[in-house]
Structure formats: C-alpha cells, structure tokens
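Given the sequences, and given the hints that come with them, work out the whole structure.
Line order of the protein sequences matches chains B and A.
Following the working numbering, the numbering of the first sequence begins with 7 at its first residue and continues without gaps.
Following the working numbering, the numbering of the second sequence begins with 4 at its first residue and continues without gaps.
It should be emphasised that the hints constitute simulated quantities derived from the structure, not laboratory data.
Just so we're clear, the structure is a prediction, and the values are computed from it rather than from any experiment.
Quick reminder that beta carbons are idealized off the backbone N, C-alpha and C, glycines included.
Fair warning: there could be bad hints in the mix.
Derived DSSO-like pairs (lysine-lysine); straight-line CA-CA distance at most 27 Å [what the hints assert, rightly or not]:
1. B:Lys48 <-> A:Lys83
2. B:Lys96 <-> A:Lys83
3. B:Lys48 <-> B:Lys96
Looking from chain B toward chain A, a few residues come up when the C-beta cut is under 10 Å (computed) [said to hold, decoys possible]:
4. Ile15
5. Glu76
6. Met78
7. Met93
8. Thr129
These stretches of chain B come out as covered by chain A in the derived footprint (C-beta under 8 Å, 3 or more residues) [to be verified]:
9. 36-47
10. 52-62
Chain residues, written in single-letter form:
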Amino acid sequence: MNPLIEGIIAGLLVLGGSFTLIGSWGLVRLPSLMTRLHGPTKATTLGVGSCLVASMIFFPAAGLGFTAHELMITLFLFITAPISAHMIAKSHIHRQGHRLDPNPADGIREALPPTGGPTDWATYWQGGEGTPLVVSDADQPPREQSDGRG
Amino acid sequence: MISTALFFAIACVTVSILLSLARLLLGPSSGDRILALDTMVINAIALIILFCIQERSDTYFEAALLLAMVGFVSTVAYCKFVLRGDIVE
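Printed below as a string of structure tokens:
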C-alpha cells in the first residue's frame, strides 16, 4: 500500500479514536445534561465519522473493493444524531420543568414558557384515551410525582 | 503503521464504552441514561468498523448499519416514553 495513503488512514484512525474518547470523557465529566449533550452528539459523531472515512479509504486501497455501507452509515449517523439530541433535550426540559429528578446545575427551574399563540406546546396536548400524560401547568398546579412517569 | 493506529483507536473506543457505562450507571436523571445508551450504541458502531478494518472483511458492515438504525429508533422511543408516557399514541 502507498505510504501516503497508509499515513492518511492511520491519522484518521487516531483522530477518530481521540474524538470518541473526548466525547465520552465529556459525558462523564460535565455537570448537567444540557452540557453533557455536547460530547456525544458532536465529538463522538465526528469520531465515528473519521473511522468510517478511514475505512472508506482503506478497503479500496487494500484491493478489497469499495462498498457503499460506510457511506450509508455515515449519512444515517449524521442525520440522526441531532434528532436524538433534540429529543433528549426536550424530554429533559419537560422533566426538569416539572421538578422530576431536578439537577441544580442545569439552571432549568420552569417548564417551557407559554407559546403566546392559541394552542399550547404539542408535548402538553391531551392524547388519546388511556394514555397517561402530563397536562399543562397553565391550568393546573404542578403535579406530585407518583408513578415515575413524566 | 495502520495496525498501531488501529490498536490505539480500538483502545480509545473501549475506554469510551466503559465511560458511557459509568454514566449509564450513575445517572442521575433518565435523560442522562438515555444519552449514555445512545453514546454506547455509537461507540459500538465505531468498534464494529474498526474490527472490520482489522479483519479486512466487509461482512460486519450490515451489523453496523442495523445497529445505527435500531439505536436511533430506540433513543427516540425512550424519549417519547419519558415525554408522553406512551410511544405510539
């Protein structure tokens, strides 16, 4: 294999491993969930992306042929990482705003402010029959946590 | 050179999986646990890719692809459950 290509692959692998480690280190070290979200969703995704790019260069260079799998995994991860981070942040604001497992380091003391429009936030809407849901704070006092569900 | 870099990367990813396991066990909130699980899935994908490079085989890429899909769906399902108390309304 060409030494230049070999060097590029080795550099990408080291970069990927370092970014993955930094992301998880941030997950352990940072004080609140809103800061912890940064590590996995940015650094770890970038680290996995570097590993995938290294593999995309390695397989054709080693004479094993190009496969589209790495490209698909990269695209899928890069599309889904912000969505999952958004969902986690949303559920976290919801729970912290209702005083479920509060963490003072967050700085979140209230739930989402009123929308100002004719409808409330979609996460507060009443769902179908038999669905245990959180109702809006606007017309009810904050509920006591009884069954572990938010 | 590649084998040394590969060894370093696999060691890093292994340590990251252990660190996210620590966050999964420590918590404290359910959001932290969901995030730690999501990180573990992403690290497992990285580990599978590195294993593929080491083995010089592209057999396991399907596993990584499936894990990426299932990991995302499970994260969203967990969040939806925490948010609404139900997944499919």
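request  = Kindly indicate which numbered hints from before are broken by the structure, ordering the numbers from low to high.
outcome  = Going through the list in order, the structure violates no hint and respects every one.
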